[in-house]
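These protein sequence lines are chains A and B, in that order.
Position one of the first sequence corresponds to residue 1 (my numbering), numbered consecutively onward.
Position one of the second sequence corresponds to residue 1001 (my numbering), numbered consecutively onward.
Just so you know, these hints were derived from the structure itself, not from any lab.
Please note that the accuracy of each hint is not assured.
[As the list claims (entries may be wrong)] Think about it this way: if two alpha-carbon atoms lie no more than 20 Å apart in a straight line, the pair counts; the simulated SDA-like pairs of lysine to any residue are:
| id | chain 1 | residue 1 | chain 2 | residue 2 |
| --- | --- | --- | --- | --- |
| 1 | A | K240 | B | T1174 |
| 2 | A | K166 | A | P224 |
| 3 | B | K1125 | B | I1075 |
| 4 | B | K1163 | A | E95 |
| 5 | B | K1262 | A | F236 |
| 6 | A | K13 | B | T1352 |
| 7 | B | K1270 | A | L418 |
| 8 | A | K13 | B | K1125 |
| 9 | B | K1163 | A | Q324 |
| 10 | B | K1163 | A | P224 |
| 11 | B | K1163 | A | E235 |
| 12 | A | K106 | A | E95 |
| 13 | A | K239 | B | R1453 |
| 14 | B | K1163 | A | A320 |
| 15 | B | K1270 | A | A320 |
| 16 | B | K1262 | A | W28 |
| 17 | B | K1270 | A | R27 |
| 18 | B | K1270 | A | E95 |
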Amino acid sequence: MNNDANQTLEIVKSGLARRRRRETRFRWYGRIAIFIAMAFLALLLFSILARGISAFQQTYIAVDVYLNPEELAPPTPEHLGKVDFEGLIRQSLRETFPEVTGRRQKRALYRLVSSSAAYELRDWVLQHPDQLGKAVTIWVLAGSDVDMYMKGAVDVSVPEDQRRLKDDQIRWIEQLRQQGRLDLRFNKVFFLNGDSREPEQAGILVAFKGSLYMMIVTLALSFPLGIAAAIYLEEFAPKKNFWVDMVEININNLAAVPSIVFGLLGLAVFLGYFGLPRSTPLVGGLTLTLMTLPTVIIASRAALTAVPPSIREAALGVGASRTQTVFHHVLPLAMPGMLTGAIIGMARALGETAPLLMIGMVAFIVDPPQGLLDPATALPVQIYLWADSPERGFVERTSAAIIVLLVFLGLMNLLAVLLRRRLEKRW
Amino acid sequence: MQPDTLIWILLALSALAFYLGRNRAIQASSGHIRNLHSLPTYYGYFVALWCGLPALVILCLWLLFDDKLILQMVISQLPESWRNLPEDQLSLIINQIHNLVAGETGRQEVDPALQRAADHYRQLKAIGYQALTVLVLVIATASLTYGYRHVSPQMRARNSVEKVVRFTLILSSTLAIFVTIGIVLSVLFEAVRFFSKIPVTEFLFGLKWSPQMAIRADQVGASGAFGFIPLLTGTLLISAIAMAVATPIGLLAAIYLSEYAKSRTRSIVKPLLEVLAGVPTVVYGFFAALVVAPLLRDFGIELGLKVSAESALAAGLVMGVMIIPFVSSLTDDALTAVPRSLREGAYGLGATQAETITGVVLPAALPGIVSGLLLAVSRAIGETMIVVMAAGMTAKLTLNPLESVTTITVQIVALLVGDQEFDSPKTLAAFALGLTLFLITLALNLVALHVVRKFREQYE
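Bound-form chain A, shown alone:
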């Protein structure tokens, strides 16, 4: 008997070292898994930050122009619309580099300045009519290639014929830089312009406004509808009812339907059947509403179940009707949780792209939308559109747009967390 026990002990002891090793190994597997996930997150955020942070600055170039009053007066919008400001800027460039001759060379020189420079100059003259007759120095947008060079994104070691920026241009840029005629400034254009074919003129305003309008529509529809559905299912619905079961299964299933299918629904119903205009924030918002509704309903139901039954019983006990109980007592207590759920749903909707592609929000739009029925894009769609462009300048803009999007998502999630911390009661 004693011998047997000793033997068992021997077996256990002999295996102990191996089992302990296994234990440590197992722990390390978990640590490595977490490390890999975190490494990916770091790589993702770092690669986007590294590419995008430079887009918040933009190269401006100083041009000297003489504002000839004979040509420019009177400085009214109608008259200035006919003036050849592009010629003025080109003349200024030629005067800065008198050695440049030949059509090809000149064209290369003109490309240092963005094609929007003429409009900038016109607007400046409109605002400063008192400067007529003087020679002034005005800072205008530089071309995207110059901008990229200034930010160190042009690889000079590449053979000249494979570069967009030629050796001559680089020489001029260096010369301008030494004269202090090139400057990196905060990139207002990025926040105030719509889309453009030229990277240096492209901005996110259209996409931002489009996203904002869509979020307004989505919030205005999905929040009340989601809360109403959740209240019915939690507080009023009869248990063990076929229809109620159907509704629950449908909600759970809809939460897992791929978002692109909602896009197909939006295309067939909102555009095809109701004939709403394409590419508008209204249709985008409606489609996203259908998509976020299950999320909002599920979160709102969780918030309602978290309210203890004693609250309801107390209200019913003093003679409130069931509707009064819910709307006067349960709902206010569940509201923080519901708001949190709605914000998280909104954050998901804000980052969603695929359904918007289906309803034609992938358009090239320059003018910001003025209302729900004007064509617009959305931030994630703008990212998708720019990501397709091969120019280096657009890679930078794409990353910058991603940074803006991530900042907004982060703020929304932060708001949700704060709301939960501040307002939620623990029972």
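Got chain A; can you put chain B on it based on the hints?
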């Protein structure tokens, strides 16, 4: 009057009705509210609802149908030769009329008949709005008076109002059913039209996918093949790679976090994992196309392998990263649902913590984990932006992860983005793909639900 101003007027009228109703109730109570059946505000709501609801319903119905009706009337006034045109050309003319009405004339000369039709349309629309204004205002005042005269101390105002509230709640909750029906019908309807042009068997079992249809009959090399198999293998290949990344990392991370990690580590790592889940998929797509794919290609060159610039591996890898938090949070839920007593029983028998986890906790949590993994697969199959940006466009029947493959979702996007006519097999094919996608994910979701319901142990 424009419909939106009409809605504001209606709201203002309802607010007025609220005060009228409440005051009448207070007056009728002869100074003591307890003489009333309900609180005075309920009488206010009662009258306001009477004033607003019927008029609003009429307004909505009108707005839904007036365009179609007016269009019919305009078409019936068009010249004979136009009315007999085939449907697609007629819809072109209707579009031109719409453009004229919206004031987008363009540069070319406008056909006088078209201009007449546009004027007619505008005129009918104006008449319609006038009629609508009168109708809505009359209905609103009439029903307001009706509700107002009904206010009396005996009337059960609260019950009526609560009935309306209850009905609204029920209506909102059935919206989920309508959305599902809407998805099924809209996708099914177009898919059936597609299958009337392309046989179902060819779609389901065809080995070739090239949706370029010949625009002219004599065009070469564009016959159009709608075989679904290469898309399915591509989708499954990318999803398999994604799951191969996400399953071990997600599972192990969840096990470590819920069983080993101190609460401080947990409170740092879990939110970070949630950040990974909160990053929009378009960002992952950009990351895959711009960072991971070139990295893999360079790595492949080092090893002497030829890696495509749009390899399935890059898309699958990044998709796997996207799914990690999904897997880990569902696994975490399943693990925490296993009661302590099971773990303590295992410790009592002398098992190490790792043995407890692999021998006791994991088997007990298995149904939850399996259902979570199935949901993750369904998510990977339906994921769009990563594959649109990082996977290829051409359908290849291959299982080599280094080559470029295409997926169902990529093809849906490719077929529907850009200008297209609504009737060609190309666009209809997108809906057929959407239908299969919906059915695949639906099946996976239902199986996942079933696994949990059927095999989960109830510990109480």
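Structure versus earlier hints - violations, ascending order: Structure breaks hints 2, 4, 5, 8, 15 and 18.
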